[in-house]
Amino acid sequence: MVDKISNTSDDLTIAGLSFKSRLLIGTGKYNSFKETRSAIDASQSEIVTVAIRRVNLGQSPDEASLLDFIPPEQFTYLPNTAGCYSSDEAIRTLRLARELLDGHNLVKLEVLGDPDTLYPNVVETIKAAKILIKDGFDVMVYTSDDPIIAKQLEEIGCCAIMPLASLIGSGMGILNPWNLEIIIDKANVPVIVDAGVGTASDATIAMELGCDGILMNTAIALAHNPILMASAMRKAIESGREAFLAGRMEKKPYRASPSSPVKGLIK
Amino acid sequence: MKIHINGNIKEFKGIKTTPEELIIKLNLNGKRFAIERNGEIIPKKDFNKIYINDGDKIEIIGAVGGG
Chain A
1 MVDKISNTSD DLTIAGLSFK SRLLIGTGKY NSFKETRSAI DASQSEIVTV AIRRVNLGQS
61 PDEASLLDFI PPEQFTYLPN TAGCYSSDEA IRTLRLAREL LDGHNLVKLE VLGDPDTLYP
121 NVVETIKAAK ILIKDGFDVM VYTSDDPIIA KQLEEIGCCA IMPLASLIGS GMGILNPWNL
181 EIIIDKANVP VIVDAGVGTA SDATIAMELG CDGILMNTAI ALAHNPILMA SAMRKAIESG
241 REAFLAGRME KKPYRASPSS PVKGLIK
Chain B
1 MKIHINGNIK EFKGIKTTPE ELIIKLNLNG KRFAIERNGE IIPKKDFNKI YINDGDKIEI
61 IGAVGGG
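From first to last, the protein sequence lines stand for chains A and B. Numbered per our numbering, the first sequence spans residues 1 to 267. Numbered per our numbering, the second sequence spans residues 1 to 67.
Rather than coming from a laboratory, the hints here were simulated on the basis of the structure. Hints may contain errors.
When the alpha-carbon atoms are kept at most 30 Å apart in a straight line, the in silico DSBU-like pairs for lysine-lysine are as follows [unchecked claim]: (1) B:31 / A:29; (2) B:45 / A:130; (3) B:25 / A:134; (4) B:49 / A:134; (5) B:31 / B:57; (6) B:16 / B:31; (7) A:186 / A:127; (8) A:134 / B:57; (9) B:44 / A:127; (10) A:34 / B:31; (11) A:130 / B:44; (12) B:2 / B:44; (13) B:2 / A:127; (14) A:130 / B:57; (15) A:134 / B:44; (16) B:57 / B:25.
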């Protein structure tokens, strides 16, 4: 995104890599790989998350894969640890991902604590982050909206802090803007909202708070028209970012201020 | 020999095989994947250098859609 007024670029920088788009999208829950790709194109996202799973052994040699539709050469892949409930599982998954993607180090760490809420287990997350960073990974980390944990993850060396706005896949929106603001205020690395956005206005609210980006999957994939929603999310994020940079007017709850001149009224 | 692959037991002729041979037997050649043997990653450069033996636990993983 280019700031049209000052003509300076407003890139998102993560672990030394620059991105024009502040929208990161997941590739799960789409009806087809073709639809996944069309949504990514409409979103203009540059970073896409993928999961790491056992390959299907019964497949035919010409069966298409996600990588055929979203070539890793064209996008920045962000392999995740979705489904991992311990630091050991998460570390094992990301080491395999690095081998799969020829030494690619930028990863999304998430260690879950509960299958019903998919709430992060921050103790296991911190444990895994320390080991992964020591092992040379650039760790973008999914976490709760606890400002102290967020700060600790930054101090360990995580390259982006990714708090939830509400539960993964819930579409409940930005439930605790106050905590997100505290995290943003204290952080010296990008803060990316990583769960809970349900529609475009949620994304705008998060960006207006000062988030550096948003990672979403379900809000786009489960929209009635995912490709149109991907486009809406792109605009919502650009809009929220520009509003944040512009700086909103002061709120004056008990006193109106006329926009038209008070002088020269026809009497 | 019997090898555990992705949680299933598969039976093959012979007493050992390389990862490269195994991939061909499984019709996975040309695909992108990573392989782990008994919890240790086998680097791609070693696919024709090391052997998988009877009873080994093999994981073959790839990237799929996810958020």
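Quick one: which hint numbers does this structure break? Sort them smallest to largest. Structure breaks hints 3, 13.
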